[in-house]
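As they're listed, the protein sequences go chains A and B. Residue numbering for the first sequence is 89 to 200, as defined by our numbering. Residue numbering for the second sequence is 50 to 163, as defined by our numbering.
A portion of the hints provided could be inaccurate.
Below are the DSSO-like pairs computed for lysine-lysine, each with C-alpha atoms no more than 27 angstroms apart in a straight line [claimed, not checked]:
#1 Lys117/B - Lys107/B
#2 Lys145/A - Lys86/B
#3 Lys97/A - Lys107/B
#4 Lys107/B - Lys145/A
#5 Lys91/B - Lys97/A
#6 Lys145/A - Lys91/B
So these bits of chain B aren't anywhere near chain A, every CB distance computed over 10 angstroms [said to hold, decoys possible]:
#7 Gly50
#8 Ala68
#9 Asp76
#10 Lys91
#11 Asp98
#12 Glu105
#13 Ala112
#14 Glu128
#15 Ser142
What the hints contain is simulated information worked out from the structure, not anything from laboratory work. None of these values were measured; they are calculated from a predicted model. Positions of the beta carbon are idealized from the N, C-alpha and C atoms, including for glycine.
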Amino acid sequence: NAGVTQTPKFQVLKTGQSMTLQCAQDMNHNSMYWYRQDPGMGLRLIYYSASEGTTDKGEVPNGYNVSRLNKREFSLRLESAAPSQTSVYFCASSGRQSYGYTFGSGTRLTVV
Amino acid sequence: GENVEQHPSTLSVQEGDSAVIKCTYSDSASNYFPWYKQELGKGPQLIIDIRSNVGEKKDQRIAVTLNKTAKHFSLHITETQPEDSAVYFCAASSSGGSNYKLTFGKGTLLTVNP
């Protein structure tokens, strides 16, 4: 099925460990985004990529890095995980001709 | 940057009643206003959107209205059903061109009681 695929769906990390969240879309969208969702905080933008080869910081970029590997894939890396990064992470994409975002199903990350 | 306020944070209605969720935005340059529905354990899904050159848009039981002067927009759900129970997010776009960066409200938990 066409859409946005995120892996893994669940992850538990120890403080200080690193990991990469993967995201891929098959809709030929130009723009991709990473959001985090915390209770009572809504969806907050971490990083985004307006087009292949570009990335920009969003509202809460500290502690994260991203890579737009190609047009399909946009990964989010936590170099040294902290308990404050416990959250649900969503990847999304949007196309040039469409304003709407398509979201993945999310990655639930717990840092202990 | 853009700031989006959403009210109420929780809303409980009886099946068949109407539900209204309201949002305000701060950036007068914003020109795109989508609404997303998020069911438990899933990602948000676009249910309706409106652009700044339109005052109202309807899709079956769902409608969205926009008041650019007052910088607020609302989601209206009529004849609510238990399957409408979810978290609803409003958003506003503050960027143009090929990148439509959205700023989201904090969400409204809608509960429809049978």
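We went through each hint and held it up to the structure:
Restraint check: the Cα-Cα separation between lysine 117/B and lysine 107/B comes to about 18 angstroms, which is no more than 27 angstroms; the hinted pair holds. Distance restraint check for lysine 145/A and lysine 86/B: the Cα-Cα separation of roughly 26 angstroms lies within the 27 angstroms cut-off, and the hinted pair is therefore satisfied. At roughly 35 angstroms between alpha-carbon atoms, lysine 97/A and lysine 107/B are farther apart than 27 angstroms, so this suggested pair is violated. Straight-line distance between C-alpha atoms of lysine 107/B and lysine 145/A comes to about 35 angstroms, which puts the hinted pair past the 27 angstroms bound.
A C-alpha spacing of about 11 angstroms is found between lysine 91/B and lysine 97/A, which places the hinted pair at or below 27 angstroms, so the restraint holds. For the given pair, lysine 145/A sits about 25 angstroms from lysine 91/B by alpha-carbon distance, which is consistent with the 27 angstroms threshold. Separation of glycine 50/B from chain A is inadequate, the least Cβ-Cβ distance of about 8 angstroms not exceeding the 10 angstroms criterion. Taking the minimum C-beta to C-beta distance to chain A, about 19 angstroms, the non-interface status of alanine 68/B holds against the 10 angstroms cut.
In this structure aspartate 76/B is separated from chain A by more than 10 angstroms, as the shortest Cβ-Cβ distance comes to about 14 angstroms. Consistency note on lysine 91/B: stated as away from chain A, yet its beta-carbon is not over 10 angstroms from all of that chain's, at 6 angstroms minimum. For aspartate 98/B, the condition that its CB be more than 10 angstroms from all CB atoms of chain A is violated, with the nearest at approximately 6 angstroms. The claim that glutamate 105/B lies off the interface holds: its Cβ sits roughly 18 angstroms from the closest Cβ of chain A, which is beyond the 10 angstroms cut-off.
Chain A leaves alanine 112/B outside its interface by the beta-carbon criterion, the shortest separation being 17 angstroms against a cut-off of 10 angstroms. Residue-level check passed: glutamate 128/B sits 25 angstroms from the nearest beta carbon of chain A, beyond 10 angstroms. The Cβ of serine 142/B does not lie farther than 10 angstroms from every Cβ of chain A; its closest approach is about 7 angstroms, which violates its non-interface assignment.
Checked against the numbered hints above, the structure violates hints 3, 4, 7, 10, 11 and 15; every other hint is satisfied.
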